[in-house]
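Novice: For reference, the chains in residue letters:
Number of protein chains: 2
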Amino acid sequence: MPRLTALPEFNTLKALSAQLAQGNIAQMLATDNHRVADFTMAAAGLSLDFSKQLLNREVVAALLKLGVQAQLKQRAAALLSGKILNTTENRPALHSLLRTPKDAVVNQPTVLADKFQQVIATRAHMQYWAEAVNNKQHRGFTGEAITDVVSIGTGGSDLGPRLVTEALQPFCGDIACHYVANVDPADLQDTLAGLNPATTLFIINSKSFRTQETLSNALGARQWMQGAGASAADLSKHFLATTTNLPAAAEFGIAADNCLPLWDWVGGRYSVWSAVGLSCAIAVGWDHFQQFLDGAAAMDEHFASADIGANMPMILSLLEIWNGNFLGATNHVVLPYDQHLHRLPDFLQQLTMESNGKQVDQCGEALDYHTGPVLWGSAGTMGQHSFHQLLHQGTLACPVDFILPLTSHTDKPEQHRMLVANCLAQSRALMVGRSVEDAHSTLLARGTADPEATRLAPHLAMPGNRPNNMITMDSLTPATLGALLALFEHRTFCSGQLWGINPFDQWGVELGKEIGTDILAELSGDTHDPDLDASSAQLITRWRALQRDTESIDD
Amino acid sequence: MPRLTALPEFNTLKALSAQLAQGNIAQMLATDNHRVADFTMAAAGLSLDFSKQLLNREVVAALLKLGVQAQLKQRAAALLSGKILNTTENRPALHSLLRTPKDAVVNQPTVLADKFQQVIATRAHMQYWAEAVNNKQHRGFTGEAITDVVSIGTGGSDLGPRLVTEALQPFCGDIACHYVANVDPADLQDTLAGLNPATTLFIINSKSFRTQETLSNALGARQWMQGAGASAADLSKHFLATTTNLPAAAEFGIAADNCLPLWDWVGGRYSVWSAVGLSCAIAVGWDHFQQFLDGAAAMDEHFASADIGANMPMILSLLEIWNGNFLGATNHVVLPYDQHLHRLPDFLQQLTMESNGKQVDQCGEALDYHTGPVLWGSAGTMGQHSFHQLLHQGTLACPVDFILPLTSHTDKPEQHRMLVANCLAQSRALMVGRSVEDAHSTLLARGTADPEATRLAPHLAMPGNRPNNMITMDSLTPATLGALLALFEHRTFCSGQLWGINPFDQWGVELGKEIGTDILAELSGDTHDPDLDASSAQLITRWRALQRDTESIDD
Chain A
0 MPRLTALPEF NTLKALSAQL AQGNIAQMLA TDNHRVADFT MAAAGLSLDF SKQLLNREVV
60 AALLKLGVQA QLKQRAAALL SGKILNTTEN RPALHSLLRT PKDAVVNQPT VLADKFQQVI
120 ATRAHMQYWA EAVNNKQHRG FTGEAITDVV SIGTGGSDLG PRLVTEALQP FCGDIACHYV
180 ANVDPADLQD TLAGLNPATT LFIINSKSFR TQETLSNALG ARQWMQGAGA SAADLSKHFL
240 ATTTNLPAAA EFGIAADNCL PLWDWVGGRY SVWSAVGLSC AIAVGWDHFQ QFLDGAAAMD
300 EHFASADIGA NMPMILSLLE IWNGNFLGAT NHVVLPYDQH LHRLPDFLQQ LTMESNGKQV
360 DQCGEALDYH TGPVLWGSAG TMGQHSFHQL LHQGTLACPV DFILPLTSHT DKPEQHRMLV
420 ANCLAQSRAL MVGRSVEDAH STLLARGTAD PEATRLAPHL AMPGNRPNNM ITMDSLTPAT
480 LGALLALFEH RTFCSGQLWG INPFDQWGVE LGKEIGTDIL AELSGDTHDP DLDASSAQLI
540 TRWRALQRDT ESIDD
Chain B
0 MPRLTALPEF NTLKALSAQL AQGNIAQMLA TDNHRVADFT MAAAGLSLDF SKQLLNREVV
60 AALLKLGVQA QLKQRAAALL SGKILNTTEN RPALHSLLRT PKDAVVNQPT VLADKFQQVI
120 ATRAHMQYWA EAVNNKQHRG FTGEAITDVV SIGTGGSDLG PRLVTEALQP FCGDIACHYV
180 ANVDPADLQD TLAGLNPATT LFIINSKSFR TQETLSNALG ARQWMQGAGA SAADLSKHFL
240 ATTTNLPAAA EFGIAADNCL PLWDWVGGRY SVWSAVGLSC AIAVGWDHFQ QFLDGAAAMD
300 EHFASADIGA NMPMILSLLE IWNGNFLGAT NHVVLPYDQH LHRLPDFLQQ LTMESNGKQV
360 DQCGEALDYH TGPVLWGSAG TMGQHSFHQL LHQGTLACPV DFILPLTSHT DKPEQHRMLV
420 ANCLAQSRAL MVGRSVEDAH STLLARGTAD PEATRLAPHL AMPGNRPNNM ITMDSLTPAT
480 LGALLALFEH RTFCSGQLWG INPFDQWGVE LGKEIGTDIL AELSGDTHDP DLDASSAQLI
540 TRWRALQRDT ESIDD
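In the order they appear, the protein sequences are chains A and B. Be aware that the first sequence starts at 0, since it is given in numbering that gives the first Met the number 0, and climbs by one per residue. Be aware that the second sequence starts at 0, since it is given in numbering that gives the first Met the number 0, and climbs by one per residue.
Simulated from the structure, these hints should not be mistaken for laboratory data. Certain hints may be false.
The list treats identical chains as interchangeable, and a pair is accepted whether it falls inside one copy or across any two copies.
Below, simulated EDC-like cross-link-like pairs (lysine to aspartate or glutamate); rule was C-alpha separation at most 20 Å, straight line [what the hints assert, rightly or not]: (1) Lys-135 <-> Asp-256; (2) Lys-13 <-> Glu-513; (3) Lys-512 <-> Glu-413.
Assemble the whole structure, with the sequences as input and the hints as a guide.
Specialist: Here you go:
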């Protein structure tokens, strides 16, 4: 894979970006009657309007050429057909297989047939549990039906299921699903505070069954259950696991029948479609979960078949490259105008920053350009009363993706109309800005006297010309949510390909874990590692003194 | 006020930053036996260790001179004594007065005496309500005691109280407090779903009593209450308001006795110490809320009295300037290693980005340097399985503030020890990094065969030398939380002074509101504004078509 700067179209785009830096989005929009139609596309129930990006048709043409030169279509085909694209770990990345429709098996390459059989079997296993819990067939150790599910996991075993359960709240049934992820014992303690052990089901999500956070919380959950009178044999009524480590799960007390598999060809941040999503399937019921898978599969199909110029994930990725590597953006903001999507930025942070926050290429050579940006955001309208000040008037231009379901599941259409109006208004305000002259007239019209209006006008003025995408859907449903997450997955993949990196590994988290193990050993004993830096050593000394104080108070 | 680049020490620091870009934090730490002691300070129950910043003693000395040249001490005194520092709005910024101890009145300048009397009276009013609700003296329209409080507000009327209530969860009593902020009707609907109108008390926080989000949610709450049988006269048992607009509150149905005042000399993002914090005072009880105020007052006292070199908010601000304007950071990451502080990044986003996301100076002149960075983060250890990959190996260096309470309120010290170990490990890993050679030996030691170890080593390598602060406290209590929030308030103020901007206004949010009003009118009617851009117009057309479809289905 050639790197980004070695693609022939790179220099063309560099030259265009120098011109476009002076361009005006609002003007380009006003003078080209076909811009909106040509810069809008639909796929899998989603619509993307990128006409408020800082680019013109020449840039779009060059970006599409760049995508051809980076072989995006071939890379997509390689991904979806299970080629080993995760080269540092020698694995394919086959999360798309997790949502492939059951009857699509004939279209799969033979090499995938075995994996697909496992996926189908796991789906059946998930459906069994989703129905057994919802139908109250499955019961706890006192014979009562399950009322609450606590899914324990962290990273990809947490962010995806947590997002999906909240996003699909209008589709949820009677079972309440809770999520525990932090090693801080307060997380589990707070969650269990309102629950009844006899009616609580835990799902332990850990590929290795060794993740520190997950295992320590699982042990706490088991202790809580046993403290309520559950015997060792009763545990199988209250614990499921999603893991590849059956012996460790068995030793913990989880029967093999209660274990659902994971595979090394599914990364944590792509695992919500696997058994890691079981808590969601219980929350929304199997049919809705199947619709969620189908929505993602529809996006996979679009990703595989649409030409680059009509391919929504590819276009979004090329826009990310344009904003980051040509216009200098270091941040990417995601603003879902839907309260139920308030966790989407957290989910996308992992998806994009763990995938593309890298500085060497596939071959391990250092890169001399920026890769993945920082991604952050919040549910609109919350940010309008917070960080939007910086989006509008700060010295950093942060491209924004607005995400807007056009209808509401509530019975308050008037209030939802305000939400829609706010979303459109923010998108427009970022683009049009306000000149000092306009600010001055506005102040005069409001009745501000003139010397004061002149003094204040520069403070009200806004540069505008800040790029944004508008991603809309008629309604937030299981299907459109599935399509939305798959859209961002594929966008992230394409950007990784354009940057020449492997978006499927995460070696950068290793060192922290190793040092953590060493420091935990030191905190648990009373030795001092002479190689430890003085700052860490000072804090360990202080921590130990505090522990002694606490212990002596306890005595 | 001279601007940052006009301060004499600016060029010295520019030269030093060129040298320091090649410096190595770990090496500086290893070769200077006094670095940790000299780069550590304590105030108001908090400790700051900035020895893992990319700087040396020469830089620190130059930064302190910069602080002197920017007159930080004088500016702090001006702030605390009520000078009109919010020049565009002609107001002082007197949030510190909200926590000034009752018996400190003699030390206040006379000009503040009247304001202080109002503060003391409001505190008494807050205490009355906190006790009346907790003691079950105050009862709902059916005579039942209050079990739940729903605080409705947005921005500063939401983020602060929400954070404080969750952060002090171990100190909370029986009354559950909930927060509703989004204009999306799903926010209110989800919150009310589990509540009983007869035992629910609403607090409507809106200075103007006109904020769209807050008023529409308040109307929804009143409708819900009336739907449950509450008469107009009953509303006073279920609605309090924090507002300056008594007539509007009265018209809504809230008696004057139920209204607590706000003042124009308290900005929304600094208002948690005012009656806007009433929900917190109810949640934790008055004594704890008083301790929260006292903790902040202790930080105010430190801020007012400590020399620049020993002044924690001033040092943190100078470090922000060093990282942003000299080392090129565009982001600032905050990682509280405490689950109860998981909303701190949201709160700090408003505090810092709404304060310092500006591009003109106090006089309205355009600035030619970067001002406030983007702030984001999450509770540790959650981010370790998400965006830490980018922190360690991405192409953007993001300075980090770790925040760590050294003890836990839970009864699981072993698990809390893991949390502490993880925090220390992340701080150290960011600093030390890992060379390709070291990665190679590590892989060999793990049993990876050599050609493979050589191939993988560059992927495991990490640059290190990424700066971070460690802010610790013995325990997260009302007092240390108060000190922590006041610390960040004053840091934000100092940075605003160094950048030459007014951190107390937020003119950048105006245009979006104005356009929002216009678009809402258009959505509510059937006209088309010919001046609207084609992208927004297209979306309005689509939204209207969807509404018609929905209505015809309803018919």
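Novice: Which of the numbered hints are not met once you compare them with the structure shown?
Specialist: 2
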